[in-house]
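Trainee: Spelled out, the chains give:
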Amino acid sequence: MIVERPKLTIWDRLYMPQILKGMWITLKHIPMKRFTRQYPEETPPLPKRYRGVPTLVRDPEQRVKCVACQLCEFVCPPRAITVIPGFRAETGPDAKVEKEPSDFIIDMARCIYCGLCEEACPEEAIFLKKDYAMASYTREQMKLHKEKLLELGGIHEDRICKWKKK
Amino acid sequence: MWTDPAILEWIFILVKIIVIFGLVLSIVPYTVLAERRICAWIQDRVGPNRVGFQGLLQPIADALKLMLKEDMLSNHVHKVVFTLAPALVFMPSLMVLAVIPWGSAIGPMTCVLSDMNAGMLFALAVASFSVYGIALAGWASNSKYPFLGGMRSAAQMISYEVCLGLSLVPLFMQTGSLNLSAIVEYQTQHGWLMLYHPVACFIFITSLFAECNRTPFDLPEAEQELVSGYNIEYSSLKFGLFFLGEYANMLVASALVTTLFLGGWSLPFAPFNAPATVIWVGLAHVGIFVAKVCAMLFLFIWVRWTVPRFRYDQLMALGWKVFFPLALVNIVVVAVIMACRANL
Ligand code: SF4
Ligand code: SF4
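First to last, the sequence lines map onto chains B and X.
Number 34 in the numbering used here belongs to position 46 of the first sequence; there are no gaps in the numbering.
For the numbering used here, count along the second sequence from 1 and bump the result up by 1.
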């Protein structure tokens, strides 16, 4: 295709009028509304299904929902999860429940927030929350352990409450 | 002893040197800040506003950062010239400020460091020195992008230097003096020279943009094609000096325009249209001068964030085919008008 070059009038070719016009435009922008988001004070609105930090949850009766099946550990693409299986208390509300992780480590320096762990979990024990500012100063601090994960996760209000009926 | 004129003279010179240094070293870093803020505003952003109130301490943070950077010196550079170049860029601008009257008089002290008779010639001669710094930096870096930047800078400065000088000739014909103080005083009596010589003013300001390597003529730096031109190999304080030098050049250019075309320290009404006899008017004159310089600096920044860069051949064509003849014709026209008015 041949592009027709517009024929420039002498006014266009003088160049200066157009520069002055441009300068008027930039001047008009000086008092205009700014689009910057002042980050730490103003946070961006997150979409409903935003995937942030993966966390462990408890059921409404304070049981740790995770049963240390290690499916999430296997499915995790960057191998961010390490589950160390352990035993539950023989008495109390935990008596009938299967295993429990004695430690559960997610390395946030490796996690890619893909959400596969949440999908794979047969017990609905791991959920991705909306927090995203998980930076730390050392690699060790980037590893989130069980207590921290449970704290971030909180209580999951599920309707089934599987262990109550066993 | 204090009233001894010779000693008083020395004290005045010291005071003036301190004032000029103070003005440069305080205005230049804040020009950088103003550049960043105004650029941000023009692009609907906020700009640096975190360090201090509205970012007012940002220049100090920047300077500290530059000072703490590692000073790299690669093996292939020409060490002596490489080290000398940044200073060569910064020095001429300080030297030009010596002949610019930044006020009329404060008490018995005249506000110009050196009241030279050929002040304008001195300014033009010294200002063109800064091209040495850039060309030498490009050459001493011994790698291709700095070299291209240095070459472009030399070619550009030589071309526009011609227009710069020629555009001022009508001014000298009218005022009959090369002394900058005399030119300002002429303007206090006859009105600003910008009104008599709009064409000269236009050519002068545009050539100054080229002299200061500012957009639309920032080809020596041209981030997109030469990475950042002549200063690629520089780091730490040496880079800082280039950076400072660029803005100091801008400041000098603004001061020159103010002095030559915008009436220097004067305003066209009493009591600001005559050399000061009382101290507060003298101080006000300094303030007026600084305000005009700041307005010019704003123009520099404003144009930079409006106009895109010229292509190299367009730059040369504009310099030699448009401004050069235009400046010559301007001289002839002014000469004819002056001759007619003298004879009629
Ligand atoms: S979100 Fe993805 S990467 Fe992160 S822990 Fe879960 S499975 Fe691993
Ligand atoms: S979080 Fe879910 S998938 Fe992972 S070990 Fe626990 S129960 Fe298994």
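Mixed in with the good hints there might be a few duds.
[To be verified] Pair ranges (Cβ atoms, derived):
hint : chain 1 : residue 1 : chain 2 : residue 2 : range
1    : B       : Arg22     : X       : Ala88     : 38 to 48 Å
2    : X       : Ser27     : B       : Leu15     : 24 to 34 Å
3    : X       : Asp45     : B       : Arg(-7)   : 56 to 66 Å
4    : X       : Ser115    : B       : Lys21     : 44 to 54 Å
5    : X       : Leu15     : B       : Lys9      : 27 to 37 Å
6    : X       : Ile19     : B       : Pro35     : 17 to 27 Å
7    : B       : Phe75     : X       : Val52     : 47 to 57 Å
8    : B       : Ala121    : X       : Leu15     : 18 to 28 Å
9    : B       : Ile7      : X       : Ser115    : 33 to 43 Å
10   : B       : Ile7      : X       : Met68     : 50 to 60 Å
11   : B       : Leu15     : X       : Leu284    : 28 to 38 Å
12   : B       : Thr(-3)   : X       : Leu284    : 43 to 53 Å
If you are wondering where the hints come from, they were derived from the structure by calculation, not from laboratory data.
By construction, the Cβ of each residue, glycine as well, lies at the ideal position given by its N, Cα and C atoms.
Trainee: Note whether the CB distance of B:Thr(-3) and X:Leu284 lies within 43 to 53 Å or breaks it.
Mentor: holds, 51 Å
Trainee: Could you check the hint for me, namely that X:Asp45 and B:Arg(-7) are 56 to 66 Å apart, CB to CB?
Mentor: violated, 32 Å
Trainee: Taking 33 to 43 Å as the hint, is the beta-carbon distance of B:Ile7 and X:Ser115 inside that range?
Mentor: Since B:Ile7 and X:Ser115 have Cβ atoms about 37 Å apart, the given range 33 to 43 Å holds.
Trainee: Taking 18 to 28 Å as the stated bounds, is the beta-carbon spacing between B:Ala121 and X:Leu15 within them?
Mentor: violated, 55 Å
Trainee: Between X:Ser115 and B:Lys21, is the Cβ distance one that fits in 44 to 54 Å?
Mentor: Hint holds: Cβ distance 49 Å, inside 44 to 54 Å.
Trainee: Holds or violated: 24 to 34 Å for the Cβ distance of X:Ser27 and B:Leu15?
Mentor: Given range 24 to 34 Å: holds, Cβ gap about 26 Å.
Trainee: Just to be sure I understand the hint, the distance between the Cβ atoms of B:Ile7 and X:Met68 should be within 50 to 60 Å; is that true here?
Mentor: Violated, at about 39 Å.
Trainee: Go ahead and decide if the range 28 to 38 Å is satisfied by the Cβ distance of B:Leu15 to X:Leu284.
Mentor: Given range 28 to 38 Å: holds, Cβ gap about 31 Å.
Trainee: When you take the CB atoms of X:Ile19 and B:Pro35, is the distance between them in 17 to 27 Å?
Mentor: Distance hint for X:Ile19, B:Pro35 is violated at roughly 60 Å.
Trainee: State, for the Cβ atoms of B:Arg22 and X:Ala88, whether the hinted interval 38 to 48 Å holds or is violated.
Mentor: holds, 39 Å
Trainee: Confirm or reject the claim that B:Phe75 and X:Val52 have a C-beta distance inside 47 to 57 Å.
Mentor: Between B:Phe75 and X:Val52, where Cβ atoms are some 55 Å apart, the hint holds.
Trainee: Note whether the CB distance of X:Leu15 and B:Lys9 lies within 27 to 37 Å or breaks it.
Mentor: violated, 49 Å
In this structure, the hints that do not hold are numbers 3, 5, 6, 8, 10, in rising order.
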